[in-house]
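Engineer: Construct all of the structure, not just a fragment, from the sequences and the given hints.
These protein sequences, in sequence, are chains A and B. Numbering of the first sequence is given in numbering that gives the first Met the number 0, commencing with residue 0 and proceeding in unit increments. Numbering of the second sequence is given in numbering that gives the first Met the number 0, commencing with residue 0 and proceeding in unit increments.
None of these hints come from the bench; they were simulated from the model. In this text, a Cβ means the ideal position worked out from N, Cα and C, and glycines have one as well. Treat the hints with care, as some may be off.
[As the list claims (entries may be wrong)] Derived pair list, reagent style DSS-like, types lysine-lysine, alpha-carbon separation capped at 25 Å:
#1 Lys424/B <-> Lys150/A
#2 Lys189/A <-> Lys238/A
#3 Lys453/B <-> Lys150/A
#4 Lys99/A <-> Lys453/B
#5 Lys181/A <-> Lys128/A
#6 Lys142/B <-> Lys73/B
#7 Lys4/A <-> Lys244/A
#8 Lys229/A <-> Lys124/A
#9 Lys379/B <-> Lys351/B
#10 Lys73/B <-> Lys345/B
#11 Lys379/B <-> Lys354/B
#12 Lys99/A <-> Lys469/B
[As the list claims (entries may be wrong)] These stretches of chain B come out as covered by chain A in the derived footprint (C-beta under 8 Å, 3 or more residues):
#13 419-428
#14 431-444
#15 449-461
[Said to hold, decoys possible] Far from chain A, some chain B residues (derived; all Cβ distances over 12 Å):
#16 Asn175
#17 Lys276
#18 Asn352
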Amino acid sequence: MLKIKNLRASIEANEILKGIDLEVNAGEIHAIMGPNGSGKSTLASVIAGREEFEVISGQIDFEGKDLLEMDPEERAREGIFLAFQYPVEIPGVSTTNFLKTSLNQIREHRGLEPLDAVTFLTHIKERMKLVEMDQTLLSRSLNEGFSGGEKKRNEIFQMAVIEPKLAILDETDSGLDIDALKIVANGVNKLRNKENAIIVVTHYQRLLNYIVPDIVHVLYNGKIVKSGSKELALELEAKGYDWIKEEYNSTPV
Amino acid sequence: MKENDNILEQITQSEYKYGWVSNIESDSAPKGLNEDIIRFISAKKEEPEWLLDWRLKAFRHWQKMKEPKWPNVKYPEIDFQDIIYYAAPKQKLKPKSLDEIDPELLETFEKLGISLQEQKRLTGVAVDAVMDSISVATTFKDKLAELGVIFCSFSEAVHNHPELIKKYLGSVVPMNDNFYSALNSAVFSDGSFCYIPKGVRCPMELSTYFRINAANTGQFERTLIVAEEDSYVSYLEGCTAPMRDENQLHAAVVEIYAAKNAEVKYSTVQNWYPGDKNGKGGVYNFVTKRGLCAGDHSKISWTQVETGSAITWKYPSCILKGNHSIGEFYSVAITNNWQQADTGTKMIHIGKNTKSRIVSKGISAGRSQNSYRGLVKVMKRAENSRNFSQCDSLLMGDKCGAHTFPYIEVNNNSAQVEHEATTSKIGEDQLFYCNQRGIDTESAVALIVNGYAKEVLNKLPMEFAVEAQKLLAITLEGSVG
Chain A
0 MLKIKNLRAS IEANEILKGI DLEVNAGEIH AIMGPNGSGK STLASVIAGR EEFEVISGQI
60 DFEGKDLLEM DPEERAREGI FLAFQYPVEI PGVSTTNFLK TSLNQIREHR GLEPLDAVTF
120 LTHIKERMKL VEMDQTLLSR SLNEGFSGGE KKRNEIFQMA VIEPKLAILD ETDSGLDIDA
180 LKIVANGVNK LRNKENAIIV VTHYQRLLNY IVPDIVHVLY NGKIVKSGSK ELALELEAKG
240 YDWIKEEYNS TPV
Chain B
0 MKENDNILEQ ITQSEYKYGW VSNIESDSAP KGLNEDIIRF ISAKKEEPEW LLDWRLKAFR
60 HWQKMKEPKW PNVKYPEIDF QDIIYYAAPK QKLKPKSLDE IDPELLETFE KLGISLQEQK
120 RLTGVAVDAV MDSISVATTF KDKLAELGVI FCSFSEAVHN HPELIKKYLG SVVPMNDNFY
180 SALNSAVFSD GSFCYIPKGV RCPMELSTYF RINAANTGQF ERTLIVAEED SYVSYLEGCT
240 APMRDENQLH AAVVEIYAAK NAEVKYSTVQ NWYPGDKNGK GGVYNFVTKR GLCAGDHSKI
300 SWTQVETGSA ITWKYPSCIL KGNHSIGEFY SVAITNNWQQ ADTGTKMIHI GKNTKSRIVS
360 KGISAGRSQN SYRGLVKVMK RAENSRNFSQ CDSLLMGDKC GAHTFPYIEV NNNSAQVEHE
420 ATTSKIGEDQ LFYCNQRGID TESAVALIVN GYAKEVLNKL PMEFAVEAQK LLAITLEGSV
480 G
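Structural biologist: Written out as structure tokens, the structure is:
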């Protein structure tokens with residue numbers, strides 16, 4: 000589904016990603032872990048098409064299409080979803096209205112008719128249950144005055160409504176207490192199927208107890224320095240990241 | 000940030016949708032302004048002597064007055080002798096029914112989206128259409144007449160209800176109030192008159208649609224609304240003008256009189272031609288709008304969505320004379336390209352326990368300048384009066400400007416006056432967030448702007464609100480890409 004080859008990207012002339020190779024297939028869950036500043040969120044942003052990052056070289060292929068040629072909205076319409084680390088507030092725009100605009104533009108791209116109000120609301124209501132979303136939040140302005148946990152839950156709710164092919168969860172666990180974490184993880188697991196794929200970007204192993212990855216990658220200094228099974232996450236939890244850094248830094252270039 | 004500004008720059012580049020010229024012969028006065036021209040206008044309209052005298056008096060005041068220079072707008076000197084002050088579409092005099100009206104004129108209104116065919120007016124909006132200087136036809140007049148509601152063109156009212164016009168004309172906005180109100184008083188061509196008798200709740204929204212058509216003409220319409228005790232009316236005003244290279248002058252006066260327990264809601268969607276992308280052409284909109292809450296417990300509410308005009312100079316105001324009277328001002332003013340707006344309100348608290356509320360939302364894009372200017376004045380006797388003002392500015396790009404000039408004068412210690420102001424930018428983060436959900440940037444801007452203006456848009460009647468939302472989006476088209 001997603002093939003990243005030798006991806007290098009920078010922001011304001013600082014190279015953050017220094018050659019990423021990653022392949023994600025349908026039905027898989029990948030975890031990307033790493034210490035702060037290793038480039039995890041940058042990778043998520045570059046895949047989603049954030050313009051402040053400059054791609055220096057490399058390729059991203061998504062279902063046979065060149066992702067780097069697409070605008071962010073086109074990538075989204077093709078099926079890429081980013082659950083933001085810091086969801087944005089949009090005053091005066093309700094979550095419902097926002098999602099309706101989103102869903103209809105995605106549908107239009109795929110040659111589908113816009114959803115009528117009843118079908119849309121039925122869809123929304125059904126999806127709300129997945130993340131135990133409070134209905135009152137839907138009519139309020141998008142993320143405005145939401146607690147950290149509510150914002151994160153709203154991201155997963157949007158994912159449930161949009162049903163992307165590839166979802167990237169950027170530090171979705173940060174700011175969640177254990178109960179909220181379980182609810183969010185539960186929702187994600189229910190959305191998982193053979194056709195879609197999920198990339199979980201996280202600093203801690205905690206979330207991976209609930210969303211169990213098939214493959215764990217460790218990102219350090221802009222490169223994936225280690226990949227392994229879910230046990231790798233446990234090892235990182237127990238030993239921290241220092242051994243990775245040492246291993247990496249002692250490797251002759 | 001730069002990327003974002005580029006994007007924002009691109010979105011605001013669309014063409015004016017209402018820019019066509021109707022091919023209707025017009026019957027106009029020669030250019031220039033002097034007493035003869037005023038006599039010409041008055042004669043054309045077969046006005047009584049007293050009104051001609053009133054006009055001439057206003058003209059003499061005007062000659063001694065100077066154009067105001069305090070607004071935060073810049074434009075070349077206006078040559079008031081280079082303007083045609085009267086242009087009537089040529090047609091048979093006094094049409095009795097729609098069949099007698101020039102079909103092309105009707106077509107123009109069709110293009111504007113207002114149909115004068117009464118059968119289509121099932122939505123319950125009565126329309127008084129003013130094109131250039133004369134009122135073309137007023138729909139639903141008969142139905143309103145049953146209730147005693149008078150809704151007709153100003154000239155008709157002069158003939159049919161002279162006692163009301165004599166009593167109220169200039170009672171809220173004196174002829175010599177300011178430079179433009181004096182000019183209007185001297186040369187006003189037509190407009191609407193609306194009278195709601197005691198105890199009547201007007202069952203439909205009354206609507207006036209203004210359109211400037213002929214070249215080099217100024218439009219000087221005059222609206223007078225009188226709401227007697229315990230009455231209610233909701234009044235809508237919409238405006239468009241064709242595209243022209245030169246600037247057209249528009250100086251209107253609106254007067255509202257509200258007696259005891261009366262309520263008047265006045266909504267405007269102003270979409271005069273704003274000029275092209277380089278700032279060429281566009282309407283100069285210098286308007287005086289004022290409401291008098293004369294009676295106790297009366298209420299006047301102004302809602303405006305200002306998207307057009309090269310220059311807007313406009314301060315719909317309320318004089319809260321009656322005890323417990325309420326004044327409201329809700330405004331969205333959006334400027335793009337080279338547009339300049341200096342708009343706001345005045346709330347004058349005279350009576351006891353009077354209340355006012357001001358919500359102003361400015362949106363600036365391109366190289367435009369957008370100013371809020373507002374006065375809250377509490378007089379000595381205005382015990383326990385209250386005001387709440389909120390002035391927000393939204394900037395798109397880094398070449399535009401937003402300014403706030405709040406003036407507060409309080410002469411009574413029991414008054415409570417609150418003022419809140421914010422300035423924000425449409426963030427790159429917000430746009431990216433929308434993009435990431437599949438929403439293109441143009442729709443994202445429309446979504447964000449409509450969200451920002453929602454509190455005001457919600458005050459508009461339903462049909463108008465939809466139109467206003469579209470207008471906001473159209474105005475910003477091309478400012479982000």
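Engineer: Next step is simple, just say for each hint if it's right about the structure.
Structural biologist: Now the hints, each set against the structure:
no. : hint                  : result
1   : Lys424/B <-> Lys150/A : holds, 22 Å
2   : Lys189/A <-> Lys238/A : violated, 31 Å
3   : Lys453/B <-> Lys150/A : holds, 22 Å
4   : Lys99/A <-> Lys453/B  : holds, 17 Å
5   : Lys181/A <-> Lys128/A : holds, 14 Å
6   : Lys142/B <-> Lys73/B  : violated, 46 Å
7   : Lys4/A <-> Lys244/A   : holds, 23 Å
8   : Lys229/A <-> Lys124/A : violated, 34 Å
9   : Lys379/B <-> Lys351/B : holds, 10 Å
10  : Lys73/B <-> Lys345/B  : holds, 22 Å
11  : Lys379/B <-> Lys354/B : holds, 15 Å
12  : Lys99/A <-> Lys469/B  : holds, 17 Å
13  : 419-428               : holds (count 3)
14  : 431-444               : holds (count 11)
15  : 449-461               : holds (count 6)
16  : Asn175                : holds, 42 Å
17  : Lys276                : holds, 24 Å
18  : Asn352                : holds, 32 Å
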